[in-house]
Amino acid sequence: MTGRTIVITSGKGGVGKTTATANIGTGLAMRGHKVIVIDTDIGLRNLDVIMGLENRIVYDLVNVIEGKCKMNQAMIRDKHDYELYLIPAAQTRDKNSIEPEQLRDLCAELEKEFDYVLIDCPAGIEQGFKNAIAAAQEAIIVTTPEVSAIRDADRVIGLLESSGLHRPRLIINRISPEMVKRGDMMDQKDVENLLAVEVIGLVPADENTVVAANRGIPVVHDRKSASGGAFLRIAARVDGEDIPLMDLEPKSGIFSKFRGLVGMNGRAYSHA
Amino acid sequence: MLKTGVVQVAAKGTDVAFVIDEEAPFDVVAGELREYLAKQNGLWSKGNITVNVGQRMLARDELTQVKSIIETHSGLKVTRFWCSPESLGTGDFQIEAKAATVESSANTSGAQRQPPAHNEIAVPESLPDLPADSISAVESVIQDLRSRQNKNGARSRNRTEALFIKSTFRSGESVHHPGDVVVLADVNPGAEIAADGDIVVLGSLKGWAHAGASGDTKAVIIALELPSTRFQIAKYEGISPTTARRKSKSSASGPKIAYVRSRSIHVAPFVGRFARYSKGVPYDG
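So the protein sequences, as listed, match chains A and B.
Reading the first sequence from the start, the letters are residues 738 to 1009 in this note's numbering.
Reading the second sequence from the start, the letters are residues 22 to 306 in this note's numbering.
Simulated from the structure, these hints should not be mistaken for laboratory data.
There are no misleading hints in this set.
For lysine to any residue, the following SDA-like pairs were computed, each having C-alpha atoms within a straight-line distance of at most 25 Å: (1) B/K187 x A/V936; (2) A/K816 x A/N792; (3) A/K926 x B/I186; (4) A/K807 x A/N833; (5) A/K749 x A/I862; (6) A/K918 x B/S274; (7) A/K832 x A/L902; (8) A/K749 x A/H903; (9) A/K749 x B/S188; (10) A/K926 x B/L205; (11) A/K807 x A/Y819; (12) B/K187 x A/G901; (13) B/K187 x A/I937; (14) B/K256 x B/T238; (15) A/K926 x B/G275; (16) A/K926 x B/S274; (17) B/K187 x A/A933; (18) A/K926 x B/L245; (19) A/K867 x B/E213.
Generate coordinates for the entire structure from the input sequences, incorporating the hints supplied.
Next comes the structure, spelled out in structure tokens:
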């Protein structure tokens, strides 16, 4: 078995890399694949919290790479009944504790055993980023429809391309359909035109994402929620299924209809 | 025009040029040249001559040989050599060219040496590693024959090949090219392009662009969309106008050209010709 190693990155922090990793990983596992997610954000580990596996950590990524434990000792199986595993980051070390080659070798090992190896990349473009992208054959960029996040995504795409990761795909996270409709937020087309990469998913801003993260249960478990559904579709697209992107419709209320009538749909943001 | 295989002699008014086939090996050229001059002995009894070596990369002693062949077999005196900037960059002349221009290109920022403007390089008079008499007499200035013959009167600027950037030029990427730069996509915010020649963007120019980076104020920036807030031509800097009236005028969509007129940068709709500059909107902040 040869799995695919996919890095999930963004450049800017706080746009939802870790949430996306947890949800895409869970989504792929729900589709019946054997999946492992690796948190490479050494020193600032989060993925275990989002997945609700914090209490089960014994060994971590640095222990594995330094040979202090066997690979499968550091793998934590997901609480749910899926073939989903996590290798957590070390919290007491830093990004320089591992080398890109070491992570590449580890992922090559894991690819033999798993269908998907997802790497949760730390923010920034320094050592941690270099470690994370070294092992991957594919990349998914997470951005939000904000100029700062898009600027960083643009930079990261350039860096990925120069290190041989061509055709990264894009998730636009935290889209607020109401704001897009009012013209206060960039829409999918604007982002797509600027970054000139394929969009693999649109995730609406949804309170359920936050609630789910706090409870340690990725939001894909709630298929009916807006963001859960979006992440499930992204997982399907990663898996090769051809699902068209859905237009995010604002929840229609009297107020938004009224706004539409009086023509307040002008664009108020600017491209920097 | 006379033709003898690899060596062509072009006479144009009082100018005479020996144009030598770029593909032919040097020995053949030398032989042909000797033969031709022997045959035509008497015709070339007197005068100054320019040798155009084109793209070929001649070593210094080869140039000296050509010069001595011509001068011994006829009454001509070789005063100049012409060659293309590519051969200047890679040929043996590089050493001299560098020495001659090192001061003028002190602001060169990259690894790439900038061939000097106008392709005119005076070969220094004394070359210690060569017999003094062979070169010291050559007060040769190397020019690009073609730039001179260009009927369009194109500016005899740097003729280094244009650099084509074929995918989106992204934030954090930067390039300094000694010639023109053509981008077949967008230039995103945070990207930097510096070119000694013109910059053409077949997309939206949102990053920082510097045309005529080595000081050429005739350089232009052309873009299908020009929302960029900052760009530079030679030493002049364009800052997006902030007043509402100007903004509405200059931010109208469509291809734009930015150029320097009376010491400030102007931006005008690009209508396909360089000549229509006059209605430009001042773009100097």
